[in-house]
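Heads up: the sequence lines are chains A and B, in that order. This note's numbering puts the first sequence at residues 1 to 213. This note's numbering puts the second sequence at residues 214 to 426.
Think of the hints as simulated: they come from the structure by calculation, not from any bench. All values reported here derive from a predicted model rather than from experimental measurement. For glycine and all other residues, C-beta sits at the position ideal for the given N, C-alpha and C. There may be inaccurate statements among the hints.
Among the chain B residues that face chain A by a calculated CB cut under 7 Å, a handful are [said to hold, decoys possible]:
#1 Ser260
#2 Met282
#3 Pro312
#4 Ile314
#5 Gln341
#6 Cys344
#7 Pro347
#8 Phe366
#9 Gly395
#10 Gln399
There are 2 protein chains.
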Amino acid sequence: MKWVEPISCQVDLQQGLMHNASGHYQKRLSDLAGLYADDAAFKAELSHGGDRVVYEVTEWRPPARSGDMIFGLTRMSPGKIGEEFYLTRGHIHAVADRPEIYYGQRGEGLMLLESPDGETRIVEINAQTVCYVPPYWIHRSVNTGSDEFVMLFSYPADAGQDYDIIAHSGGMRRRIMADGTGGWKQVDNAAWQARSAQTVAKLLDQQSAGVTL
Amino acid sequence: MKWVEPISCQVDLQQGLMHNASGHYQKRLSDLAGLYADDAAFKAELSHGGDRVVYEVTEWRPPARSGDMIFGLTRMSPGKIGEEFYLTRGHIHAVADRPEIYYGQRGEGLMLLESPDGETRIVEINAQTVCYVPPYWIHRSVNTGSDEFVMLFSYPADAGQDYDIIAHSGGMRRRIMADGTGGWKQVDNAAWQARSAQTVAKLLDQQSAGVTL
């Protein structure tokens, strides 16, 4: 390889897949054990509905990482566990000052964001909505619609994903539930625990210093 | 500012604009003087058709740059100067190891790519085509259709643009012309001059070292 070759990938909106991808993974319901409020409903769904694919990602990763970018497509099935909408596992970037850009393609959903010190933001996403997830924000996608929810994404190739930050605080602070009239509402997650002042201060310091790890 | 706030920007496919952008610029025909093969046709177009807007960009740039990303929308008008299709100025990233991702939204066009040592690649782009421009490639967009050509783009916020690399070599090596049957063809640019072996070697060394400036 002299130079990395340009490539093109065609997005199939109907299938919710990107052709010519270098990677493809699926998450099944069982992969999301422990993330939902209603554990009984989760077990019932798993036993009656089977261990279905709840979201999948087709992505392209560059062969070299320095300064480079990853992009791909996320397809989320519609559904609820009890009254809670299907969600992705969620993460903060392992290199926390890295952002992510999502672009809604089909269906309706939202990005649930949480700052290290527990502020919540919600960005609703429909077709042609760009959602910018700034550095340092924990983020999770939620399908609030009755159809599949499909988004394109891109982020720096050296960002990585840290899933533990959510697990360690008992989940994200808010949950996205059906509001009983066809829409969604946010409710507190009773199990949520604030991150330590030390953890927050470290990330704030990093941000103010403009540190790139 | 404690943390940078998440934002959403709605893409208007029909207008070819992104709402809630932080920046907006337009390029007029006169801004592209000297880029086309047929200078007489360029002058005639300018004098008869007026100094029209040939492409415009609505974009969002983050307040901090470290590790961050810029995104936006490019709308290119359809047209030709003589037999040469409307194009953008084209650039390599000032930090040359930075990539760029384009996503076709409307119309038809292509990305004309040139490696530092003069290899040409062409990626055709239609709606839902993702085009990955790897680090180190000079790139220019060309509208080969009869309608507007609209693409979303994203790239690292510290990438910058170097336009001189094209000017110094007498333009890009190939030109994209009408083929007389409604399609396009590539032809040599007689004015093109190869970059020095030193320039190419420096960029190759940088790539193999994985240098992030």
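To see whether the hints hold, each was checked on the structure:
The restraint placing B:Ser260 at the interface with chain A is violated, with a minimum CB-CB distance near 37 Å, outside the 7 Å limit. The restraint placing B:Met282 at the interface with chain A holds, with a minimum CB-CB distance near 5 Å, inside the 7 Å limit. Evaluation of the B:Pro312 hint against chain A yields a held restraint, the C-beta minimum of about 5 Å falling below 7 Å. Against a cut-off of 7 Å between C-beta atoms, the interface hint on B:Ile314 holds, since the closest Cβ of chain A lies about 5 Å away.
Annotation: B:Gln341 was flagged as interfacial toward chain A, and the flag holds, the nearest CB pair being 4 Å apart, inside 7 Å. Given the 7 Å rule on beta carbons, the hint for B:Cys344 holds: about 5 Å separates it from the nearest Cβ of chain A. This hint holds: B:Pro347 has a C-beta 4 Å from the nearest C-beta of chain A, less than the 7 Å allowed. About 10 Å separates the beta-carbon of B:Phe366 from the nearest beta-carbon of chain A, more than 7 Å, and the hint is not met.
Checking B:Gly395 against chain A by beta carbon gives a least distance of about 22 Å; that is not within 7 Å, so the hint is violated. Checking B:Gln399 against chain A by beta carbon gives a least distance of about 15 Å; that is not within 7 Å, so the hint is violated.
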